[in-house]
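Chemist: So the sequences go chain by chain: A and B.
In case it helps, the working numbering puts the first sequence at residues 4 to 375.
In case it helps, the working numbering puts the second sequence at residues -4 to 162.
Between beta-carbon pairs, the in silico distance windows are:
#	chain 1	residue 1	chain 2	residue 2	range
1	B	59	A	251	53 to 63 Å
2	A	266	B	73	42 to 52 Å
3	A	251	B	124	31 to 41 Å
4	A	179	B	124	28 to 38 Å
5	A	211	B	65	47 to 57 Å
Honestly, the hints are just simulated from the structure, not real lab data.
Ideal Cβ positions, reconstructed from N, Cα and C, are used throughout, including at glycine.
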Amino acid sequence: MASQGLAYDGCNFFRQRLVLSTLSGKRVKISNIRSKDDNPGLRDFEASFIRLLDKVTNGSKIEINQTGTVLFYMPGLLHGGSVEHDCNMQRSVGYYLEALLMLAPFMKTSLKATLRGVTNDHTDPTIDMLKSTALPLMKKFGIDGEGFDLKVVKRGMAPGGGGEVFFSCPVRRTIRPVQLTDPGKIKRIRGVAYSVRVSPQMANRIVDSTRSVLNQFIPDIYIYTDHMKGANSGKSPGFGLTLVAETLNGSFLSAEMSSTPQGQGDPMLPEDLGRNCAKLLLEEVHRGGCVDSSNQSLTLLLMTLGQQDVSKVLLGPLSPYTIEFLRHIKDFFQIMFKIEVQKPSEDKRKGGDKVLMTCVGVGYSNINKTLK
Amino acid sequence: GDSGHCSEEDEEESDDGEEESEGESGEDDVAADAAMKEKIASEEEEEEEEEEEEEEVEEEEGGLKWKEGLQQKASDAFLRQQQAAPNLRKRVYGSVVEVDDSEDEEQELGGLFRVSRPQNSKKFQANAVDSSRFSPDASHNWELEEMLNSIRDCFVTGKWDESQDAA
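Pulled out of the complex, with its shape left as it was, chain B reads as follows (with noise of 0.2 Å):
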């Protein structure tokens, strides 16, 4: 009898904290809430101000505000450029560029005759020559002293690193 009446009680008691706590939180919540209404408010107006001082800034100077760090923007552009450069795997595995005759079936003369067309601008040549060899990139010019300067390390004679040894 006596700890089932306790236990009662003590049930009670512990429902009337857990309301008390949970109106005190609740209290607290909104106090909060109206506390981060303000902050943002305030932000906004702020950040408002801070905009309106801009374009304030932008007319004043006028035309002349995007030439601005134009190294910086170049810069920007082709490390993106750099960072966009597509995925070698993705290129390699990807879709393969492949001959279609649909074109050609399209260009037909009289309902009769095809139009035949070199495929030169076809990426895959279906039909090119079956070769190994890999033709040298005409950009290079090894009669300048740069492009010669770029492979030198690769040489016993040029530099080392400084974890290896030449002997």
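Here chain A stands alone, though its shape is the one from the complex (with noise of 0.2 Å):
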């Protein structure tokens, strides 16, 4: 291992590290990628990503060896400004914003990304979804302000994509340190039910089957019907939902589902995918916590980032996903968090175990920012 730099092994957990990495100025160096694969090496969508983090910097050195089982990367100046990628279409555009969304406030100039490909689909968050959760959960750190917003300008579903999703974010210097440790009660559930080259009415049967499950519990519960038309539909057919309960407090938590893709296993009912949405949604209400758990890991980044001051985070339990998160915060800038579990007491019934995260910032400012 390099004086600076860090060696990993294998391809998951990707992002993060490169992330990391860029925020970190710290070198990275993943190795044994897919080595005992029959097709050994990086895929496609992870190519394209370091496309992306190669557009929105400036100076970085990326090496890859001929079978594509290694690679090192050397960080360089975050720059932002106007962006455009054509993503992969084997991961959605939510893998890349995914990270985008850790890396833009740090920028030297403010990013106006417009990111084309699959806007919804399996295996990663959803545009809708980051939008009504990872939003909010920003502008609690501070960053805010005109220019904050991520739409949908064509809607893609997977595997033919044709999406188009536009995001742009003001960058700061310094991020606010948050004491987030009551969610408050839940006051009411937004969501979005979308379907795009089905029938309009499908979003009508995801709504009605959802709210027979949802409404036990709470009245106010309102989905919007999203159904684009003509070239903003995108290849695929498919149809979907994102639900949102938002607590008095301002938390949210999500949950969503998207029909099976075209071609690929069998087909899902517009009624089944409501019923089993809004069971996602109650597992995610049982986890609790003011962060969902699909944005866990951008709360403790921003944790991390933020002033010389204490942070504390109520969350649900730990995704694995966020517990490997933790360990490279600690690799990259030796901070570790305070970890203490919350079991609710026994006459409220609150859901399952809470974990309360605690650290203090690295007092990282952004070095890239020009001063006006």
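Using the supplied hints, reconstruct the complex from the two chains, each of which is provided in its own coordinate frame.
Modeler: Structure (structure tokens):
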């Protein structure tokens, strides 16, 4: 291992390693990438991610060996500005956007990214979900103001894609520390039921079945139906649902589900999709906390990079992805969180165990940002 | 002259006093030790007697003794396990199970070919899918009323703490 560089094995947690490397300025070497696979080396979507990273930075040095099993990355400065990128169809735009959300506040000039590809699929958080949960979360850390926006211009379902997403984010010099220890009670549930290249009635069928499950908890439910037509509807048919539960203290818990991609597996009825998605939301409520499971790592990163003050956030159970993220934060920033398990008292019906995460920020300041 | 003599006498007197006091304390110690020994001896005897009594009781009741207080034992064991539950911080920052290739090297066929086995058993999947999605707990069945009831107070329609008010 080089004196400043870090070495890892395997392609898992690829994005968090490269993102943390870019933010900390530490070099990283990843070896044994699918070295025992029949098709060894980096996949196209990972190569596409590296290209995106190259577009938003200035002076990054990337070396990949001939088989693609070893990657060496020396990060440059985060530049930002207007970026256009055609994302690989193997993963949805959410895969790329999750990393951009982590990097965007620390750019030299504010990022205006246009990403094209699959907007909604199974494996990654969809754009609708990131819009309704990640953006309000980042606002709590002081990343706010004009031009903080994420929108679906064209919707593209897997596998054909053809969607387009616009993301813009202002830059910040420092990140505000937060104290999110009480999520508060859920006051309303909102959602988006989307459908493209299928009957618009599909969205209504999703809404009805979702309501049948969630109405036993709360009456304030509104699910928008979003049916995109013509050029805005992408290349593949499909439908899906994103649900967001909003609490009194402004926390957002979300769940989502999309239809099986055309030609892959059994087709799904919109009624089943609605019911199952509602159950996923209940599961998320059971996990609880001030941040939902898909945004845990973004929260922990912003806490780490905050000013030198204490940040506290109550989370649900830590996901395997988040646990690995914590280990990586320790490697790159030498920050270890205080992790306390909070068991709910027996007379309260508030779901499972919660975890209180506490840390002191590294006092990261955005040296890339231009002074005006 | 006088003062010096006086001081010597004082010293002698004080010395004597000290010796006397030491002697007294020594005697006291001896006496105390003796008393303690007696006490301990008597306690030991008592304990021995008690143990004998207990043994007798056990012998009388035979093999059915273990069934007594099963519930208490079970709850004690449960609490012990709860307390010994691995510290989350240790699990996160402690030892990471890393993939080592040493195992594969041992499994050589004819010294030339290696047997490559899928690493399904490994906790840490180095080449798994890189996704932030957290799959739900399969043991939760959201059809059951019991499960639904476990989260009722997360909603504004649920029961409120006395300190809080819905208004």
